[in-house]
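K.L.:
Each chain, written out:
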Amino acid sequence: MTDAFPIQIPDRLPVHIDPCPVVQAIFETRFVSPQPWATMPGLLFAQIREKYPEQKTLPMAQLPEELRRQDPALLILPLIQFLSDNFLIQLGPRVVSLVTKPNAYPGWSAIAQELKWLLKRLKAAGFVGETERLSSRYIDFFGGDIFTALRLGLQINDQPLRGTQTDVTTILRRGALSIRLQVTNGAIVAAKDGPASGSVLDIDAWFGPLDVDFFGNGLDRFAEAHHAIKGLFFGLIKPELLSKLNPTYE
Amino acid sequence: MTTLSLPTKSPSYTLAEGLREPAAASTVRRGAPDEWAREELLLRKLGRKGWGRVYQFRNYYESDWGEGGRVMSPRALDAFLRFLEETTFPAGKNTPSVFLTDRGGIELCWEDPSGKSVQVEFTGTGAEFYNAATDEEGTVAFDGLAQLSQRLSA
Numbered sequence: 001m002t003d004a005f006p007i008q009i010p011d012r013l014p015v016h017i018d019p020c021p022v023v024q025a026i027f028e029t030r031f032v033s034p035q036p037w038a039t040m041p042g043l044l045f046a047q048i049r050e051k052y053p054e055q056k057t058l059p060m061a062q063l064p065e066e067l068r069r070q071d072p073a074l075l076i077l078p079l080i081q082f083l084s085d086n087f088l089i090q091l092g093p094r095v096v097s098l099v100t101k102p103n104a105y106p107g108w109s110a111i112a113q114e115l116k117w118l119l120k121r122l123k124a125a126g127f128v129g130e131t132e133r134l135s136s137r138y139i140d141f142f143g144g145d146i147f148t149a150l151r152l153g154l155q156i157n158d159q160p161l162r163g164t165q166t167d168v169t170t171i172l173r174r175g176a177l178s179i180r181l182q183v184t185n186g187a188i189v190a191a192k193d194g195p196a197s198g199s200v201l202d203i204d205a206w207f208g209p210l211d212v213d214f215f216g217n218g219l220d221r222f223a224e225a226h227h228a229i230k231g232l233f234f235g236l237i238k239p240e241l242l243s244k245l246n247p248t249y250e
Numbered sequence: 001m002t003t004l005s006l007p008t009k010s011p012s013y014t015l016a017e018g019l020r021e022p023a024a025a026s027t028v029r030r031g032a033p034d035e036w037a038r039e040e041l042l043l044r045k046l047g048r049k050g051w052g053r054v055y056q057f058r059n060y061y062e063s064d065w066g067e068g069g070r071v072m073s074p075r076a077l078d079a080f081l082r083f084l085e086e087t088t089f090p091a092g093k094n095t096p097s098v099f100l101t102d103r104g105g106i107e108l109c110w111e112d113p114s115g116k117s118v119q120v121e122f123t124g125t126g127a128e129f130y131n132a133a134t135d136e137e138g139t140v141a142f143d144g145l146a147q148l149s150q151r152l153s154a
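Going down the list, the sequences are from chains A and B.
Take the first sequence: its position 146, counting from 1, is numbered 146 in this note's numbering, and each next residue is one higher.
Take the second sequence: its position 62, counting from 1, is numbered 62 in this note's numbering, and each next residue is one higher.
Some hints here could point you the wrong way.
Said to hold, decoys possible - Going by beta-carbon spacing under 8 Å, a handful of chain A positions derived as facing chain B:
{"id": "1", "residue": "VAL23"}
{"id": "2", "residue": "ARG69"}
{"id": "3", "residue": "ILE139"}
{"id": "4", "residue": "GLY186"}
For the record, the hints were derived by calculation from the structure and aren't laboratory data.
Predicted model only: the values in this text are computed from it and were never measured.
Glycine included, each C-beta is placed from N, C-alpha and C at the ideal position.
This is chain A alone, in the form it adopts within the complex (with noise of 0.2 Å):
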């Protein structure tokens, strides 16, 4: 394996793009907390409930703790949604995340302000300990075959694979960044006017614990990650699907 970063960044990335194809946009912590779980969701909603006044208890909750803790993946799903007009925040035991609304992407500085807003939030509803992982996850959705506009693809016999279904995941290393990848041309997503098939690219950035001090850095940590986010993007995609997308430049 090389060191080298094998995506190549642009220099000039967009401002702004349309269609817009994000699907969902997460920013999530996980966290070790010396409060138990049971006094987290009530502590978060007096500091949050002007804003978010509507909760939802997700399904993973009515599963038993004990059945939760066997598989790692489990623990660290949130079990309560709190919503707002333009964002959900999502709580587990051993996560905060806020999200945009599906296919409703507001743009950066929208989000920026609304994580800074629910940082000082957290901070004072005093449960949030130790930053065990901060990231960014960015959901993009294509109609028909992405692997035909982007430079990463499947190979077999030194010919790429083309027509088939095929799902690909990788793990890059980016300075003090990792980053997942996943790209897939056989998605199903509940896009604005109902279920549509097609592909997704769906990049998740982010930093260890010995990388963020969640109400230090924690808000510029965001903001690399989805800033290395948005590089890979418009590294991965070729000029045709650029040129489909508008984008424009400062």
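Based on these hints, arrange chain B on the given structure of chain A.
P.N.:
Structure of chain B alone, referenced to chain A:
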């Protein structure tokens, strides 16, 4: 992961049927992509027992375990894994042992080639060590872990 198939939340997308994972097989546990490297490291360096103990500490020991014990510090775990990656343990000795400490640290103990004990406790701020062969003890910050590993390696 393949161990449970209960609905967890409304996903942003689902994979077409042909791309979904087949039903779980009891002999296979696929690690989450970002967890695979650390699980492989734990198994390689500490064996099945050590891997299992770290899994237990991480997933089953909540705040206030035992008598006021703290939950395992993610920073301590990360430092422990970095140290483990760098360190060579003596061949022919027992596999190193691992413990969760009351303050949420993780302690690693092993025998040097002469059978003397070496202990390192990783905490949220760095690591504390004791080398019985030299009667040396001390504290290092996270950026001193690679150097400590070199000093204590077989």
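K.L.:
Indicate, hint by hint, whether the structure satisfies it.
P.N.:
To see whether the hints hold, each was checked on the structure:
no.	hint	in the structure
1	VAL23	5 Å, holds
2	ARG69	5 Å, holds
3	ILE139	5 Å, holds
4	GLY186	3 Å, holds
Consistency with the previously given hints is maintained throughout, with no hint failing.
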